[in-house]
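*Asks:* With the sequences and hints as input, model every part of the structure.
Listed below are the residues making up each chain.
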Amino acid sequence: MSENRRQILDMLAAGKITADEAERLIAALERAPSSDAAGATTARRPLPKYLRVVVEAEDDDDGEALTKVNIRVPFQLMRAGVKLANFMPPKARAQVNEALREKGVDFDLNQIKPENLDELIEQLQDMVIDIDHDKGRAKVKVFCE
Amino acid sequence: MIPLWMSIAVCSEERQFVRLWLPLFLLWILLLPIAVLTLPVLAILWLIYGRSALAKPLALWQIFASMRGTLVDIDHPDGSVFIRIV
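For the protein sequence lines, the chains are A and B, in the order given.
When we follow the numbering used here, the leftmost residue of the first sequence carries the number 1, and every step to the right adds one.
When we follow the numbering used here, the leftmost residue of the second sequence carries the number 1001, and every step to the right adds one.
Some clues are possibly wrong.
[Said to hold, decoys possible] Chain A stretches covered by chain B per the calculated footprint, using a threshold of three residues with CB under 8 Å from any CB of chain B:
#1 66-76
#2 80-92
[Stated by the list, open to error] Below, a list of computed lysine-lysine pairs in the DSSO-like style, where the Cα atoms sit at most 30 Å apart:
#3 A:K49 <-> A:K113
#4 A:K68 <-> A:K49
#5 B:K1056 <-> A:K68
#6 A:K68 <-> A:K141
#7 B:K1056 <-> A:K49
#8 A:K141 <-> A:K49
#9 A:K83 <-> A:K103
#10 A:K113 <-> A:K103
#11 B:K1056 <-> A:K91
#12 B:K1056 <-> A:K83
#13 A:K113 <-> A:K91
#14 A:K68 <-> A:K103
[Stated by the list, open to error] Residues of chain A placed beyond 10 Å of chain B at every Cβ, according to the derived structure:
#15 S2
#16 R6
#17 N97
#18 A99
#19 E102
#20 D106
#21 Q123
#22 V142
Hints listed in this document are in silico derivations from the structure and should not be mistaken for laboratory results.
No residue lacks a Cβ here, since even glycine has one placed at the ideal position from N, Cα and C.
*Replies:* Below, the structure is given as structure tokens:
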């Protein structure tokens, strides 16, 4: 029996609290550890530092020509890049947006802001993209670390 | 933190290999006196024109300073590139 529970029972025995109050206190005691544990799990994890892209692709059917790509980009660099992109003239941004749209990427550069990027990085923590392509035998892995 | 070391290696299809180690910390040591000399000028610009006058150079500096940890390693039968900033 825990010390707190014993104290509650002692107070009940001494008539300092009623049975209902004792029951509520014990219930609160039982809830307390679980809420602490939940708090620990929901505590903010440190943000990842890098975005990693790992590619392994076989160009030939015999699998001899193997291409390996290993890229690690600091998120800090992406943040700085977003800040610098804010200085782009609106005309240049429109041209970039148009070029992206022509390539099938419907993306608006004006929407990229440092605060949005932080939110994106936070969401990327749990992201792992694992592509296993059988035909070309390519393996792509995108993740944060 | 600013990058201190940069390593670049390029290998062509003919397997000609070029490898460079760039000790960036030496560059910082050389640039330090210039930075000290330009500091009053920057402070005056800041006072006259405000933060916006230095925003672009600061953003460029942030790009450079945050490159530490970057790794690009591409290995292909036609050639390979390796860049590492420490």
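*Asks:* Next pair to validate is A:K49 with A:K113; report whether the Cα-Cα distance is within 30 Å.
*Replies:* 18 Å, holds
*Asks:* Over 10 Å to the closest beta carbon of chain B is the bar; see if A:D106 clears it.
*Replies:* About 27 Å separates A:D106 from the closest Cβ of chain B, which puts it past 10 Å; holds.
*Asks:* Is the Cβ of A:E102 farther than 10 Å from every Cβ of chain B?
*Replies:* 26 Å, holds
*Asks:* Taken at face value, is the distance from the CA of A:K91 to the CA of B:K1056 at most 30 Å?
*Replies:* Distance of about 18 Å is within 30 Å: holds.
*Asks:* Compute the least Cβ-Cβ separation between A:Q123 and chain B, then decide whether it is above 10 Å.
*Replies:* 21 Å, holds
*Asks:* Given the hinted pair A:K83 and A:K103, is their Cα-Cα distance within 30 Å?
*Replies:* Cα-Cα ~24 Å, so holds.
*Asks:* If you draw a straight line from the CA of A:K141 to the CA of A:K49, is it 30 Å or shorter?
*Replies:* Holds. A:K141 to A:K49 sits at ~17 Å (cutoff 30 Å).
*Asks:* Taking the closest pair, is the beta carbon of A:V142 still more than 10 Å from chain B?
*Replies:* The assertion about A:V142 holds, with a minimum of 15 Å to chain B.
*Asks:* Please verify whether B:K1056 and A:K68 have alpha carbons no more than 30 Å apart.
*Replies:* With a Cα-Cα distance of about 36 Å, the restraint between B:K1056 and A:K68 is violated, given a limit of 30 Å.
*Asks:* Do the alpha carbons of A:K68 and A:K103 lie within 30 Å of each other, as the hint requires?
*Replies:* 25 Å, holds
*Asks:* Does the no-contact call for A:S2 survive, Cβ to all of chain B over 10 Å?
*Replies:* 48 Å, holds
*Asks:* Count the residues of the stretch 66-76 of chain A with a beta-carbon closer than 8 Å to any beta-carbon of chain B: does the count reach three?
*Replies:* holds (count 10)
Hint compliance for this structure: hint 5 alone is broken.
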